[in-house]
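*Asks:* Here is how the chains run, residue by residue.
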Amino acid sequence: MRIRFWGTRGSLPAPLGVAAVRSKLRNALRKASGRSFADDAAIDRFIASELTFAEAGTFGGNTSCVEADLDSDEHLIFDLGSGVREFGNRVMSGAYPNKKKVFNILMSHPHWDHIMGFPFFVPAYIPGHTIRIYGGHSTLDNAFRRQHAEPSFPVDYSQLGARIEFITLDPAKTHDIAGAKVNLMRQHHTGDSYGYRIEHGGKAMVYSTDSEHKFEETGDAYPFVDFFRDADLVIFDAMYSLADAVSIREDWGHSSNIIAVELCHHAGARRLCLFHHDPNSDDRSIGEVLVDTRKFEELAREGRLPLDVLSAYDGLEITL
Amino acid sequence: MGGMVATSEKKVGNASVLSPTGRVDVETTPPLQERLLPLLGQAGAVVVIDFSGVSYISSSGLRALMLGAKEAKAKGGKLAVCALNETVSEIFRISRFNQVVPVYADLNGALSALTPT
Chain A
58 MRIRFWGTRG SLPAPLGVAA VRSKLRNALR KASGRSFADD AAIDRFIASE
108 LTFAEAGTFG GNTSCVEADL DSDEHLIFDL GSGVREFGNR VMSGAYPNKK
158 KVFNILMSHP HWDHIMGFPF FVPAYIPGHT IRIYGGHSTL DNAFRRQHAE
208 PSFPVDYSQL GARIEFITLD PAKTHDIAGA KVNLMRQHHT GDSYGYRIEH
258 GGKAMVYSTD SEHKFEETGD AYPFVDFFRD ADLVIFDAMY SLADAVSIRE
308 DWGHSSNIIA VELCHHAGAR RLCLFHHDPN SDDRSIGEVL VDTRKFEELA
358 REGRLPLDVL SAYDGLEITL
Chain B
586 MGGMVATSEK KVGNASVLSP TGRVDVETTP PLQERLLPLL GQAGAVVVID
636 FSGVSYISSS GLRALMLGAK EAKAKGGKLA VCALNETVSE IFRISRFNQV
686 VPVYADLNGA LSALTPT
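Heads up: the protein sequence lines correspond to chains A and B, in order. Read in order, the letters of the first sequence correspond to residues 58 to 377 in this note's numbering. Read in order, the letters of the second sequence correspond to residues 586 to 702 in this note's numbering.
Please keep in mind that the hints were generated in silico from the structure rather than gathered at the bench. Keep in mind that the hints are not guaranteed to be accurate.
Derived Cβ-Cβ restraints for the label pairs, each shown as a range [to be verified]:
{"#": "1", "chain 1": "A", "residue 1": "Phe-103", "chain 2": "B", "residue 2": "Ser-640", "range": "37 to 45 angstroms"}
{"#": "2", "chain 1": "A", "residue 1": "Thr-196", "chain 2": "B", "residue 2": "Ser-697", "range": "35 to 43 angstroms"}
{"#": "3", "chain 1": "B", "residue 1": "Gly-607", "chain 2": "A", "residue 2": "Gly-259", "range": "23 to 31 angstroms"}
{"#": "4", "chain 1": "A", "residue 1": "Arg-358", "chain 2": "B", "residue 2": "Ser-637", "range": "35 to 43 angstroms"}
With a straight-line Cα cutoff of 27 angstroms, these simulated DSSO-like cross-link-like pairs (lysine-lysine) come out [to be verified]:
{"#": "5", "chain 1": "B", "residue 1": "Lys-596", "chain 2": "B", "residue 2": "Lys-658"}
{"#": "6", "chain 1": "A", "residue 1": "Lys-271", "chain 2": "B", "residue 2": "Lys-658"}
{"#": "7", "chain 1": "B", "residue 1": "Lys-660", "chain 2": "B", "residue 2": "Lys-595"}
{"#": "8", "chain 1": "B", "residue 1": "Lys-596", "chain 2": "A", "residue 2": "Lys-271"}
{"#": "9", "chain 1": "B", "residue 1": "Lys-595", "chain 2": "B", "residue 2": "Lys-663"}
{"#": "10", "chain 1": "B", "residue 1": "Lys-660", "chain 2": "B", "residue 2": "Lys-596"}
{"#": "11", "chain 1": "A", "residue 1": "Lys-157", "chain 2": "A", "residue 2": "Lys-271"}
{"#": "12", "chain 1": "B", "residue 1": "Lys-655", "chain 2": "B", "residue 2": "Lys-595"}
{"#": "13", "chain 1": "A", "residue 1": "Lys-271", "chain 2": "A", "residue 2": "Lys-156"}
{"#": "14", "chain 1": "A", "residue 1": "Lys-271", "chain 2": "B", "residue 2": "Lys-655"}
{"#": "15", "chain 1": "B", "residue 1": "Lys-595", "chain 2": "A", "residue 2": "Lys-271"}
{"#": "16", "chain 1": "A", "residue 1": "Lys-238", "chain 2": "A", "residue 2": "Lys-260"}
Please read all numbers here as calculations on a predicted model, not as lab measurements. Beta carbons are placed, not taken as given, at the ideal position from N, Cα and C, and that holds for glycine.
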């Protein structure tokens, strides 16, 4: 199972601006001052060894879209944020010769940042393609049709060429989608959201975004502990600090890195990927949150096996 | 994985000082919270939690502090913590709870700040 992150930003796209790029260049040139590089490989070694990820790259600005590339002839995608545009372009470039043009989409919820990429998903315009949009909400189709309607978009939903189906999933049942065993759980978020656990080829991953965890509920008996149980990867909404999530941003429907680590520890998960980054956070602050989260994981570990902590970025690939 | 928390309480001037010991986590927070919130429910109460005997605090313990801070604000009181060990201090920093509850190096410093003569 290969996981590709096409969009990792929460709420709104957050492209890198000129000032941020200039700052990265200035910092890199300062660190390279007095050095000479024989070739591009030497430059790449310098970047890898002497610049942090936040200095040399970017966590990216597209909203939620994650691909689970399974040993299956159908595609499996979580959410249709702005990141799905680039996934669609990759499909159109012929990068998936062994897959049929069947796209299974697991929707967390229909808030704008999770559907805004769909009008720019080229495969949706092509006859012969099949798009199955799954979710716990029974009214997903309304959200998709509405964003295509005038005056918001020039191409009406009825003009899409692909065969598009909306399928409501029952959280009480286990589903077989694209060859994976899929379970979903309702999450605390305005209008509800749904987290997904998929199991395939002996591996388990959880996609849990736009989910607020009331932190008095994070003991062993909390249902999410079972949902995350022994997962090889948990993708987790860690948009805010714990202090913000329980004070000025309480009931905004998001969670924190502290709760992420505690839940993964209780569940025995192996890897945590921080996700749904605040659009107000720059690369440096997201990088600092990652460092802090790894520190907290050590402090909270208490004899458990180490939990590997990552921070999602647009373009990240993880093989499970 | 919780440990016993024994919380002693004393009055220093008009301030109440709570001194829990051990780990403050999902199992051990409720008794601490049951002592903290009634104190702060009195108008103008001043409460200092002395963390010198606390080895660790989880999100549950931090939640109790958040509830206490809200109660203090509502009733015109004050809540502060002091004497955090290195681990607890790091957890306050990482969770940003050092911006929610005033943190003092030691009890005397907290009392001097909260109950000026």
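*Asks:* Run every hint past the structure and note whether it holds.
*Replies:* Hints, one by one, checked against the model:
1. Separated by about 43 angstroms at the C-beta atoms, Phe-103 of chain A and Ser-640 of chain B satisfy the suggested range of 37 to 45 angstroms.
2. Separated by about 59 angstroms at the C-beta atoms, Thr-196 of chain A and Ser-697 of chain B break the suggested range of 35 to 43 angstroms.
3. Distance hint check for Gly-607 of chain B and Gly-259 of chain A: the Cβ-Cβ separation is about 40 angstroms, which falls outside the suggested range of 23 to 31 angstroms.
4. A hinted range of 35 to 43 angstroms for the beta carbons of Arg-358 of chain A and Ser-637 of chain B is inconsistent with their spacing of about 23 angstroms.
5. At most 27 angstroms may separate the alpha-carbon atoms for a hinted pair to count; Lys-596 of chain B and Lys-658 of chain B meet this at roughly 21 angstroms.
6. For the given pair, Lys-271 of chain A sits about 21 angstroms from Lys-658 of chain B by alpha-carbon distance, which is consistent with the 27 angstroms threshold.
7. Proposed proximity of Lys-660 of chain B and Lys-595 of chain B is supported: the alpha carbons are some 21 angstroms apart, at most 27 angstroms.
8. Of the supplied pair hints, the one linking Lys-596 of chain B and Lys-271 of chain A is violated, its CA atoms being roughly 33 angstroms apart against a limit of 27 angstroms.
9. For a cut-off of 27 angstroms, the pair hint linking Lys-595 of chain B to Lys-663 of chain B stands: about 16 angstroms separates their Cα positions.
10. A C-alpha spacing of about 19 angstroms is found between Lys-660 of chain B and Lys-596 of chain B, which places the hinted pair at or below 27 angstroms, so the restraint holds.
11. The hinted pair formed by Lys-157 of chain A and Lys-271 of chain A fails the criterion: a straight-line CA distance of about 41 angstroms is larger than 27 angstroms.
12. Between Lys-655 of chain B and Lys-595 of chain B the alpha-carbon distance is near 22 angstroms, which keeps this suggested pair within the 27 angstroms criterion.
13. Restraint check: the Cα-Cα separation between Lys-271 of chain A and Lys-156 of chain A comes to about 41 angstroms, which exceeds 27 angstroms; the hinted pair is violated.
14. Our distance criterion of 27 angstroms between C-alpha atoms is met by Lys-271 of chain A and Lys-655 of chain B, whose separation comes to about 16 angstroms.
15. Distance check on the hinted pair: Lys-595 of chain B and Lys-271 of chain A sit about 32 angstroms apart at the alpha-carbon level, beyond 27 angstroms; violated.
16. For the hint linking Lys-238 of chain A to Lys-260 of chain A, the alpha-carbon distance of about 10 angstroms falls within 27 angstroms, and the restraint holds.
Hints 2, 3, 4, 8, 11, 13, 15, counting from the list given before, are not met by this structure.
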